[in-house]
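2 protein chains.
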Amino acid sequence: MKTLQVDLGARSYPIYIGAGLHRDAEVFARHITARQVLVLTNDIVAPLYLESTLTGLGGKRIETVVLPDGESYKTIDSAMQVWDRLLRSKFSRNACLIALGGGVIGDLGGFTAACYQRGIPFIQMPTTLLAQVDSSVGGKTGVNHPLGKNMIGAFYQPLAVLADTETLTTLADRELSSGLAEVIKYGLIRDPEFFCWIEANVERLLHRDAEALAFAIERSCINKAEVVSADEHESGVRATLNLGHTFGHAIETAAGYGTYLHGEAVAIGICMATDLSIRLGWLSREDGVRIEELLRRARLPVRLTSALSPHRILDLMAVDKKNVDGRLRLILLRAIGEATLPMEIAAESVRATLEQCLPPLKGGRSH
Amino acid sequence: MKTLQVDLGARSYPIYIGAGLHRDAEVFARHITARQVLVLTNDIVAPLYLESTLTGLGGKRIETVVLPDGESYKTIDSAMQVWDRLLRSKFSRNACLIALGGGVIGDLGGFTAACYQRGIPFIQMPTTLLAQVDSSVGGKTGVNHPLGKNMIGAFYQPLAVLADTETLTTLADRELSSGLAEVIKYGLIRDPEFFCWIEANVERLLHRDAEALAFAIERSCINKAEVVSADEHESGVRATLNLGHTFGHAIETAAGYGTYLHGEAVAIGICMATDLSIRLGWLSREDGVRIEELLRRARLPVRLTSALSPHRILDLMAVDKKNVDGRLRLILLRAIGEATLPMEIAAESVRATLEQCLPPLKGGRSH
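Residue numbers (the numbering used here), protein chains in the order written: chain D, 17 to 383; chain R, 17 to 383.
Errors might be hidden in some of the hints.
Claimed, not checked - Listed next, the in silico SDA-like pairs over lysine to any residue satisfying Cα-Cα at most 20 Å (straight line):
(1) Lys106/R / Ser68/R
(2) Lys106/D / Asp341/R
(3) Lys18/R / Leu175/R
(4) Lys76/R / Pro162/D
(5) Lys18/D / Ile238/D
(6) Lys106/D / Arg328/R
(7) Lys76/D / Val340/R
(8) Lys106/D / Ala363/R
(9) Lys106/D / Arg345/R
(10) Lys76/D / Asp85/R
(11) Lys106/R / Ala363/D
(12) Lys106/R / Lys106/D
(13) Lys76/D / Ala35/D
(14) Lys76/R / Pro30/D
(15) Lys106/D / Lys76/R
(16) Lys76/D / Thr91/D
(17) Lys106/R / Pro326/D
(18) Lys106/R / Arg313/D
(19) Lys106/R / Lys76/D
(20) Lys76/R / Pro137/R
(21) Lys106/R / Gly297/D
(22) Lys76/D / Ser300/R
(23) Lys106/D / Asp331/R
(24) Lys18/D / Ala226/D
Worth flagging that the hints you see were computed from the coordinates, not collected in a lab. None of the values given here were measured: they were computed from a predicted structure.
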C-alpha cells in the first residue's frame with residue numbers, strides 16, 4: 017500500500033493506493049470513529065464490493081443506499097434520497113458517509129455529506145480508474161443540472177481516499193479508457209515525462225498490468241495533490257486540471273448525461289483544446305498529432321460521433337465555472353506538459369474549432 | 017451608520033447597521049465588483065424595498081427572484097428555482113447574490129450562493145429584527161427538510177451584512193416580537209447586563225424607539241460576532257447560540273413550518289430549557305420567573321397554544337445537529353447570562369419538561 021498526502025492544513029488527508037483496501041478493517045478503524053455509517057453505492061458496484069466492505073465495517077450501525085448506475089442519476093433528486101435516509105435513520109452530525117463507486121457516486125456522496133447538517137465526515141472509496149486518479153481527490157463535489165454539469169456543488173474534503181486497485185479488475189474496458197483520458201491530462205498540463213511514460217506503456221495499462229496501473233494512479237494522484245494543495249478553491253493553477261473539460265462538460269450536457277462517459281467527452285474536449293491551441297499559434301502541429309495519437313491508442317474518441325450543434329455547445333460553454341461576467345475562458349496548451357491559465361477566447365475562434373471537430377448536422381446548417 | 021467586524025481570517029466581513037442602507041449605492045459599490053447581480057426577496061418585502069435597492073445597484077445586470085413569504089418556502093424546490101434562474105441567465109462564478117428579506121430569504125439565499133458553481137459571493141440585507149440580530153450573521157445557511165429544520169445547508173460567509181434599521185418601521189408586530197426572542201437569548205447565554213437592559217427597555221423596543229432598537233441590534237451583533245469568530249463551525253461555544261432551539265426546531269417541524277414564527281418557537285423552547293434547567297437543579301426558580309416574565313412582556317408565547325405529542329417532539333429532537341451518535345444533547349442555563357455547552361440529557365427528564373409545557377392532547381393520553 018502506498019500513502020500520499022493532500023496538504024490542506026487542518027483539512028489535510030491521506031490517499032491510500034493498494035490492492036484489497038475496500039475491505040481493510042484496519043484502515044476503516046483509523047478514520048471512522050462514529051457509530052453511524054451510511055454507504056452510498058450503485059447497482060453495478062454493490063454486487064461486487066458492498067458485502068466485503070460491510071464486513072470490514074463490522075460493529076457499526078450501517079445504512080446503505082444503492083442508486084442505479086450512471087451520470088443521469090447525479091441529481092438533486094438522488095441527493096434528496098440520501099438526505100431522506102440519513103434523517104429517517106436519525107443520523108447525527110458525526111455520522112460518516114462512505115462513497116463506494118465511480119465519479120458519480122463520489123461527487124454525489126461528497127455533496128450530500130457536505131450539506132447534511134452543514135457537513136458530516138465522509139470517505140472516498142473510488143472503484144473506477146477515473147475516480148481513483150481524479151475525481152475522488154481534491155474535494156470537488158456536486159450534482160448536475162439540466163443546464164450544466166456540476167453546477168450545484170461544494171468544495172468539501174474527505175477524511176481519506178481509499179483507492180483499491182483490485183476493483184479495476186472488474187472495470188469495463190470503456191470505463192478503463194475513460195480513466196486514461198484524465199491520466200493523459202496530467203502529462204499534458206504539467207508532467208511531460210509522465211506523458212512520455214504513458215506513450216511507452218499505454219498497452220500495458222489497457223491490459224491492466226497491475227504494476228503499470230499502480231504507477232499511473234500514484235503519479236496522477238501526486239500531480240493532483242500538488243495542484244490542489246497549492247490552490248484548493250481554484251483561484252489560479254487548479255483551473256488547469258480542467259483542460260478539455262469546458263468543451264467536455266458542454267458535450268456531456270448537449271448529448272444527454274450518460275451518452276458519452278466523462279473521460280470520453282474530456283478526450284474529445286482535449287482534442288478541441290489542442291485544435292484551438294494550434295489555431296492560435298501556441299502549440300505545434302507535431303505536438304497536436306502526438307496528443308491525438310495517444311488518445312486514440314488509449315481507445316478514446318477524438319471526434320464526436322453524433323451530430324451536435326456548435327451553437328448549442330457554445331451556449332452551454334457560456335455557463336462554465338471558469339467564466340467571468342459571462343465571458344468565455346478556456347485552458348489551452350503551450351506545449352506537451354504546459355497548460356495556460358484560463359484565457360479569455362473570442363467566440364469566433366472557438367466556433368471555428370467546433371466546426372472543425374463536430375460532424376455536420378444532418379440536413380446542412382448547424383443552426 | 018455603525019460598523020462591526022466578524023473576524024474569520026480571510027473570510028472576515030463587516031456588519032453595517034444604520035438607517036437607509038438598503039439603497040446605499042456607496043456601500044454596494046464597496047462590496048459588489050461583479051456585473052451580474054441576482055436579488056432574492058419575497059412578496060412582502062419586494063413592494064416595499066426592491067425598487068429602491070435596484071436603484072442603488074444602477075449599472076449592474078440584475079435578475080430578481082421573488083418568492084412567496086414564509087418558512088414553508090425554505091425548501092430545496094425554492095433553491096432549485098434560484099439555481100435555474102442563475103443558469104438561464106448564464107451567471108458566472110463571480111456573480112453576486114443579494115438576499116433582501118428576513119431569515120428565510122437569508123438562509124435560502126446563502127445556501128443557493130454556497131452551492132451555485134461551488135460558491136459565489138453574496139450579501140445579506142436583513143429586513144426583519146430576527147435576521148438583523150441573528151440569522152444574517154455567522155454564515156449558517158440552509159433549507160428545511162420535512163423531517164427537520166435547517167437539515168440541508170452549509171457554513172458559508174457573506175461578503176457583508178447590511179442591516180437597515182429603516183426596514184423595521186414596516187415590520188409586523190408579531191415579527192418584531194419574534195426578533196426579540198433572539199435578542200433576549202444573547203442576554204441569557206452570555207450577557208447578563210444586556211438582559212437587565214432589555215428588562216428596563218422592552219416597552220421602548222416594542223414601540224420601535226429607533227435608538228433602543230439600534231442599541232439592541234448592535235449589542236446582539238457584537239455578541240454574535242464574538243461567538244462566531246471564536247468558533248465558526250460550532251465545535252464548541254457556538255452551540256450556546258442554540259439555547260431553546262432544539263425544542264424550537266422540533267416545535268416548528270411538528271406544528272408545520274409557518275404555524276409558529278421562528279422566534280415564537282424559540283421563546284417556547286427557552287421556557288422548556290429553563291424548566292429543564294430548574295428541574296436538574298442548575299437554575300433558581302427566581303431566575304426562571306424573570307425569564308418567563310420578560311418573554312411575556314416582549315409579547316412572546318411561553319407555552320404551546322396547540323396540542324402536540326411529546327413523543328413526536330422527542331422524536332424530532334433526535335435529529336438535532338448537536339446530537340452525537342443519535343444521543344440527545346441540549347444547551348441549558350446555569351444562571352441568567354451563563355449557558356452550558358451541549359449536555360447529554362436523559363430522555364425521561366426531557367419528557368417530564370415536555371409534559372409540563374405542552375397542553376394535553378385532546379382525548380387524553382399523549383403516550
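Outcome of the hint check:
Between Lys106/R and Ser68/R, the direct Cα distance comes to roughly 25 Å. Violation of the 20 Å bound is thereby established for this hinted pair. Using a Cα cut-off of 20 Å, the hinted pair Lys106/D and Asp341/R holds, with the two alpha carbons roughly 9 Å apart. Among the hinted pairs, Lys18/R with Leu175/R is consistent with the structure: their alpha-carbon atoms are about 17 Å apart, no more than 20 Å. Using a Cα cut-off of 20 Å, the hinted pair Lys76/R and Pro162/D is violated, with the two alpha carbons roughly 27 Å apart.
Taken as a hint, the Lys18/D and Ile238/D pair is honoured in the structure, with Cα atoms around 11 Å apart against an allowance of 20 Å. Distance check on the hinted pair: Lys106/D and Arg328/R sit about 13 Å apart at the alpha-carbon level, within 20 Å; holds. The hinted pair formed by Lys76/D and Val340/R meets the criterion: a straight-line CA distance of about 14 Å does not exceed 20 Å. For the hint pairing Lys106/D with Ala363/R, the CA-to-CA distance comes to about 15 Å; that is within 20 Å, so the pair holds.
Proximity of Lys106/D to Arg345/R is assessed by CA-CA distance (about 14 Å); at most 20 Å being required, the pair is judged to hold. Restraint check for Lys76/D and Asp85/R: not satisfied, since their Cα atoms lie roughly 43 Å apart, outside the 20 Å limit. For a cut-off of 20 Å, the pair hint linking Lys106/R to Ala363/D stands: about 15 Å separates their Cα positions. Between Lys106/R and Lys106/D the alpha-carbon distance is near 38 Å, which puts this suggested pair outside the 20 Å criterion.
A threshold of 20 Å between alpha carbons decides the hint, and for Lys76/D with Ala35/D the separation of about 23 Å lies outside it, so the pair is violated. Distance hint between Lys76/R and Pro30/D is unfulfilled; the C-alpha atoms sit about 44 Å from each other, more than 20 Å. A C-alpha spacing of about 45 Å is found between Lys106/D and Lys76/R, which places the hinted pair above 20 Å, so the restraint is violated. A distance of roughly 28 Å separates the Cα atoms of Lys76/D and Thr91/D; the hinted pair therefore is violated under the 20 Å criterion.
For a cut-off of 20 Å, the pair hint linking Lys106/R to Pro326/D stands: about 17 Å separates their Cα positions. Distance restraint check for Lys106/R and Arg313/D: the Cα-Cα separation of roughly 37 Å exceeds the 20 Å cut-off, and the hinted pair is therefore not satisfied. Between Lys106/R and Lys76/D the CA atoms are separated by roughly 45 Å; this puts the pair beyond 20 Å, and the hint is violated. Under the criterion of a C-alpha separation no larger than 20 Å, the hint pairing Lys76/R with Pro137/R is consistent with the structure, at around 15 Å.
Distance restraint check for Lys106/R and Gly297/D: the Cα-Cα separation of roughly 30 Å exceeds the 20 Å cut-off, and the hinted pair is therefore not satisfied. Restraint check: the Cα-Cα separation between Lys76/D and Ser300/R comes to about 42 Å, which exceeds 20 Å; the hinted pair is violated. Using a Cα cut-off of 20 Å, the hinted pair Lys106/D and Asp331/R holds, with the two alpha carbons roughly 9 Å apart. Only pairs whose Cα atoms come within 20 Å are accepted, and Lys18/D paired with Ala226/D is accepted, the gap being roughly 14 Å.
Of the hints listed earlier, those the structure fails to meet are numbers 1, 4, 10, 12, 13, 14, 15, 16, 18, 19, 21 and 22, in rising order.
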